[in-house]
Structure formats: C-alpha cells, structure tokens
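Novice: Go by the hints and put chain B onto chain A.
Just so you know, the sequences run in chain order A and B.
Heads up, the first sequence is in our numbering, so the first residue is 81 and it goes up one at a time.
Heads up, the second sequence is in our numbering, so the first residue is 948 and it goes up one at a time.
Mixed in with the good hints there might be a few duds.
[As the list claims (entries may be wrong)] Sample of chain B residues with no beta-carbon within 12 Å of chain A, all distances over it, derived: (1) E974; (2) G981; (3) Q1000; (4) A1010; (5) F1011; (6) L1109; (7) Y1112; (8) T1145; (9) N1172; (10) A1241; (11) A1300.
[As the list claims (entries may be wrong)] List time: in silico DSSO-like cross-link candidates among lysine-lysine, alpha-carbon distance up to 30 Å: (12) A/K349 x B/K1185; (13) B/K1327 x A/K349; (14) A/K229 x A/K264.
Honestly, the hints are just simulated from the structure, not real lab data.
Being a predicted model, the structure only gives us computed values, none of them experimental.
Every residue gets a Cβ at the ideal spot worked out from N, C-alpha and C, and that includes glycine.
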Amino acid sequence: MDFNYTEEQLALQDTLRRFIARDYGFEHRRESAKSTDGFDRSAWKTFADFGILALPFPEGFGGLNGNAVDTMLVMEMLGRGLALEPYVSTVVLCGGLIRDAGSTEQKETLLPAVAGGELMLAFAHFESGSRYAVDHVATTATANGHGWKIDGAKAVVLGAPSADKLLVSAKDGKGISLFLVDAKIPGVTLRAYPTQDGARAADVKLAGVQVGADALIGTAGNALPAIERALDYANAALCAEAVGIMSALNEVTLEYLKTRKQFGQPIGKFQALQHRMADMVIATEQARSMATLAAVRADSADAAERSRSVAAAKAYVTQSARLVGQQAVQLHGGMGVVDELNVSHYFKRLTMIGLTFGDADYHLGRFSDTLTMPHECF
Amino acid sequence: MDLNFTTEEQLFREEVRGFLRAKLPAEISHKVLGGKRIEKSDFVRWQQLLNEQGWGAIAWPEAFGGTGWNAVQQHIFDEECADAGAPMQLPFGLKMVAPVIMEFGNPAQQQRFLPHIVDGSDWWCQGYSEPGSGSDLASLTTRAVREGDHYTVNGQKTWNTLGQYADWIFCLVRTSTEGRRQKGISFLLIDMKTPGITVRPIIMLDGEHEINEVWFEDVRVPLENLIGEENKGWTYAKFLLGHERTGIAGVGRSKRELKKLKEIAATETTNGRPLIEDQRFRDRIAQVELELMALEITNLRVISAEGEKKRAPGPEASILKIKGSEIQQMLSELQMQALGHYALPYTEEALEADWPGDPWMPDYADYAAPLSGHYFNYRKTSIYGGSNEIQRNIISQMILGL
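Bound-form chain A, shown alone (with noise of 0.2 Å):
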C-alpha cells in the first residue's frame, strides 16, 4: 500500500498546474467557451506536446503506457483549470475503447493520430429514452455487400462538433458493435448545441449511414465489455476531474471567507460559515480518498472489482461534490450566483459531471446490488 505519486507522476502534476495558472486563466477559459469550437485548439496542441494525448497508450502505437492514476492525475488538473478540451471523449473513451477493442491496424492508424493531437473523437453511444443503461441500444448495423448499413440516433454526444470521427455503438443482431464513423459522411446529420458548463455536444442521426468493413471495431456483437470498461474508466477520470474542482472551489471560498468583510469582521469569523467550510474540506477529502481507489481499480483485470469501485467513487464524489458546489455558492453570497466569477461555472461544472454517464442515484443502485458480493477491503 502506497499513497505516492511517482517523480514522473508528481513532475507531470507540476507541469499541468503551472500550465493552467499560467496559461489557461479563467478570462482565456471563457473566451474559448465562447468560440465556435467551444475550446482552445492552441491548448491541445499543448497537451499533445505534454504528451497527455497519448497517456493511456501502448508504447507501441506511440503512446506512454500511462495508467488511470496518471489519468487522475491529468484530470485533476484540469479539473482546476475547467479546461473545454475533450480529453474525455477523445482520449480516455474512445482512445481507451480502440486500444481494448480495436485492431493492430486501427491501433497503428489511430492512435498515433490521437496522441498527436491530430484526430477528435467522440463516443456515440447513448440514446434518448433508456438514460445511462449502458447495454441499451436501438441503432441498428446491418452488414451489405460494402461493408455495413447503420441507422438510429444518438443523444448528447459530448464533443461530436469538433470530433472528426464518431466511435458509434450499434446493434447488429447478433450483439452490441462499435464503429468508427467520419463525422462528415452522408447519412451523419448533428444538431449541435453547447452544454451547460460551456463544452460542446450534439444530438446525432444516423440515416442509412454506409460505412466500410473496415470500420468495425474488434469483432462484431462484442463490444459491450470494452465499452463498460471504457465508461468506468471515464467515470473514474471525471472523479478526479471533481475532485481537481472542489480543491480549488475551496481554495476561492476560504479565501472570500477571509476578506469579505460584514458586521465589521470577515464573514470567515461566523461558526455558521466555518462548519460549513469545515464540511467542504472533509467532503473533499473524502471525495479525493474514493477518486483514487476509482483510478487504482479502474485498471483492475477483474471486471466485478472494477466496476463496483468505479460505481462506488462516482455516487460518492457526486454526492461530495453537489455539497460543496452548492455550498460555495452560498457562502458567497450574491457573488455565487454571478457569471462574472469562476465560482458558478466550477459549480455547474460539478453538476454536469455529476449527470455525465450516469447520476449518484444510477452508480448508488449498481454499488447496491453488489452489496451481497464478497470483497477483503474498500
């Protein structure tokens, strides 16, 4: 047992964190938001240059062999700086789900792509009506003589306007298949719109969509444990991305609790306000404890084990980070509710990964129905 970070680990930490004081403040963030991409492609640039892109990699197929510690590490720093760039979606999910499921060839073709920061991807996978049912899908694939034939619709894909390619998920009789899908192709219509923490989305038809044969992903009906695994794998990072949140939404509101003045003193000398703080900081530290049994078990073989931490971390962070968003906005006051300050799009920040690959109530239920399993810890 070993609560350290590696020199390796604890320099990339480093690098990130003066990255984002440095060049990604919060005017630079808002003005990204507010571009037609929605984020800063100066700045994944950079992270392909910090080689971020290709963490989660094979050396093989030019990545660092990174694991999910690593990835909470990166995520937590850009947890702090709210960075709009989709490293989920195009890293951790969709470079993830073609590292598990793809084959050398796509592995040789895309990988390296992703990790120079040359290809955005996004994960098309769920659908309006069955909420976060990971096995739900009605898209239908059907094979034809030129390759396949894929028809439905895909809602709130998180970075499909900038992805140049769509991972698809869809149902080819036989089981649930992934397919790689240019953005641009006849049959791919997106309704775009950004999301309430100022990243990007679309809602995604699919009519008739012809793709190659080679556009299948692994093998075909098999997909649907690699997804899981990429979605816990997700749903770890976002944990530590929270995690990254709340640390530094404490940091401003102990610090407006120190000089915001009131009654002639700094409102920081109410007890009503220092529990409430004092409540934050354990919520945090809580939050951070099951954020790094999330990353230590996201990489675990055994998929019960996995999936049962992962569920564990994300009910919990969720219900820690709610409090603490919610309660620094109350703490400060009319100043919570304002656009102009960090503090509120930390806050919706939180709230939206919260709701992002299933709420606490939806992770509370599958940690619950394990309860009977046996475990030695955690």
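Specialist: Only chain B this time, still in chain A's reference frame:
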C-alpha cells in the same frame, strides 16, 4: 499509488489472524460479536494475552515496548482484532495518558507507570470534563493547592468512563487563577485508592453503568505525580486529545458492524424475502458502506503521511473523528431499524453472555436484543472526545486559518 496490500503485508495479516485464532478466548469474542456486556476481567485478560505476545501497545515507540509497526500494519492489526471479536483496547491508559507520560513525564514516572499500562495491571480513567466544563474545557475549576510535599485536590469530574474499575485517574486541575485560564492548569496522576475520592455512577440512556462522576475532597496527591511543569497542563491536554482522535475513526470496528448489519439484513425477512433484497433498505446500507470505504482510505492516507513525517496526529484527525463517529451512528441506527418489531423489547438480561434466549421471541432475538441499546448509547460518539462541533472549530482554525 497502490491500494493493494503487499505480500509482506498479507503475510503480516496472516500472522495476526493466526494469533487471534490461537489466543483470543471464544467466550470473550462471543460477547463482543454478540453485543453482550464486556466485563473488566475480559478487557484485562485480553490485554495480558496481547502483552505476552509483545503486542500490548502496538503504537508505542519501541523504546517503551511498542512494536515498531508502520501505519498500514497497525491498521491491519486493528482490522483483524475487530473482525475476530477482540474487545477494544481501552484508550485511557494506552492512547491517552501513556503518550503524555512518554513525551512530558520524567524517567521515574515512565518506569513506574508505562509497564503497568501495557501489562494490564493498571486500569486508567480520565479526569477531564467537569459539570461546568464540557466543550469549554479550559474553564475547569477542580483545584489543586500545593502544600509541602503534596497537592490537595478538591472538586468534581464527570463523564468518567469505566472509572468504577480504575486504579489511576489522570486529571486536569487548576493550580492558578491568574492570567489566561489555560495557563493555570496542571496535569496530575492520582491513585484512585487515595482517601477522599468518591465514584458515583451515571446511568446512561441504554440503562448501562458506563460513566461516573468522581468527587475529590481534600485528596492528597504527592508532588511527584505532577506531569511536566505546573501550569503547563493545557499543552499536555491538547497533545493527548490529538492522540485520542485518531483511534476514534474506528474503521476496523465499523467494518465488523457493517458485516453484522448485512447479516441481519440477510436474516430478517420482509414479504417472505430477505430484507437485504429490499432495494430501499439495501441502498441505505450501500450509502453507509460508501462512507466507510472513503473513511478507510482517508484514514490510511492521514496515518501514512503522519508516519512518514514522524509527527503526532494533527488537526486532520478531526476529519477522522467526525466521519468515524457519524458512520458508527449510522450503522447502529440501521442495525436497529433492520430488526423491525424486535427493535422494541428492552431485554436487559440479553446482555449477559449466558442468556439462553427467549422461547417467545424469534431465533434472531439473541443478536437483536442489544442493538437498540447500542443505537442509543452510540449517540455519545459525536459528543465525546471533543464534540463534532468542536472538531469543526479545530478544522476551521487549525487547517483553514479562519
């Protein structure tokens, strides 16, 4: 970053398990696991058995007879002891007064007191709180007046846990009323057999005699029983409270109680199905388990960091105390709730180890009988050791600088 136990740590766990299988008396673990009343003799016997193994005071420095185990080993030991149904080692001697004697006591005091703590021959109790001094401890008024070769102590202490069995009490007493009130407090060790000491029971809400009032009337205490310097007792008192709060996380015991809660929920039925299959109740168990998972890791993070820095527990211990006590309370509440109708009967005799059960009651009434009492009793956990509100003050002031 690795949350898995190393091979050495797993072997260590096996060693502890082996010891517990061989040495923990079944009649004692039966009481602990069944929530029965634990006698003084049970506590003392278990302390003696641990001491014979060299494990009487695992957290002490090796120079004083400790084990030199690191934080993870100590955690494993606590967890295994709790799981096997070992009685908790009472903290008053081992975790409270002993660190103070080691840090601030003189060699004569160390030689006189520490060996009797670790071998279980001296039972210690705590003399901090007074009727007028709870959370505001520095307002205490029990007086110690220096007269020749002794102090004369007059006053009253309260919320004294298991002092009815005690050989010694460590007391905060007022030796000066000048200047800041924290500056006039001293730390005295007092023999409970000294004339003038009266112990009066306070019956708690579960009907049990666990705490007492202790009255001091012209009690003569030799000067050699003063720890450190006169009027510096507040420093020692705060040092002690930091040590008290770490053990209070109680992760091992809460894991045992969570397991018991699941067992109860698997035995109880509702509409012919085990209660644990009722989603509404199971989600409540799941919620506590989440809290406990997080606390276990937080606890390990805190104690590992302390171990690396070789420092005494800091204000982070307040986080452990708050979450630990809340979890203990949630678990006891759910255990009670799981019983349904049989949460209601008050069956005092069921606390006796040899209670044969009641033919009128269902089979599970044997484990059921103590649980509502535990719930009531466990309301104490967010009050003692510095109430959870005081802990939040500590976090605000010591960690956040508010």
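Novice: Decide, hint by hint, whether the structure agrees.
Specialist: For each hint, the structure was consulted:
Distance check on B/E974: its Cβ is at least 28 Å (rounded) from any Cβ of chain A, clearing the 12 Å threshold; non-interface status holds. Against the 12 Å criterion, B/G981 stays outside the reach of chain A, whose nearest CB is about 22 Å from its own CB. The claim that B/Q1000 lies off the interface holds: its Cβ sits roughly 24 Å from the closest Cβ of chain A, which is beyond the 12 Å cut-off. The Cβ of B/A1010 lies farther than 12 Å from every Cβ of chain A, with a closest approach of about 26 Å, so its non-interface assignment holds.
Every CB of chain A lies more than 12 Å from the CB of B/F1011, the least distance being 26 Å, so the non-interface label holds. Distance check for B/L1109 against chain A: the nearest CB is about 30 Å away, which clears 12 Å, and the non-interface claim stands. The claim that B/Y1112 is not at the interface with chain A holds, since no C-beta of that chain comes within 12 Å of its own (minimum 35 Å). The claim that B/T1145 is not at the interface with chain A holds, since no C-beta of that chain comes within 12 Å of its own (minimum 38 Å).
Residue placement check: B/N1172 keeps its beta carbon more than 12 Å from all beta carbons of chain A (closest about 38 Å). The beta carbon of B/A1241 is not kept farther than 12 Å from every beta carbon of chain A, the shortest such distance being approximately 4 Å. Once the 12 Å rule is applied to beta carbons, B/A1300 is consistent with being away from chain A; the minimum gap is 29 Å. Simply put, A/K349 and B/K1185 have alpha-carbon atoms about 23 Å apart, close enough for the 30 Å limit, and the pair holds.
Restraint check for B/K1327 and A/K349: satisfied, since their Cα atoms lie roughly 28 Å apart, inside the 30 Å limit. Restraint check for A/K229 and A/K264: the C-alpha separation of about 15 Å stays at or below 30 Å, so the hint holds.
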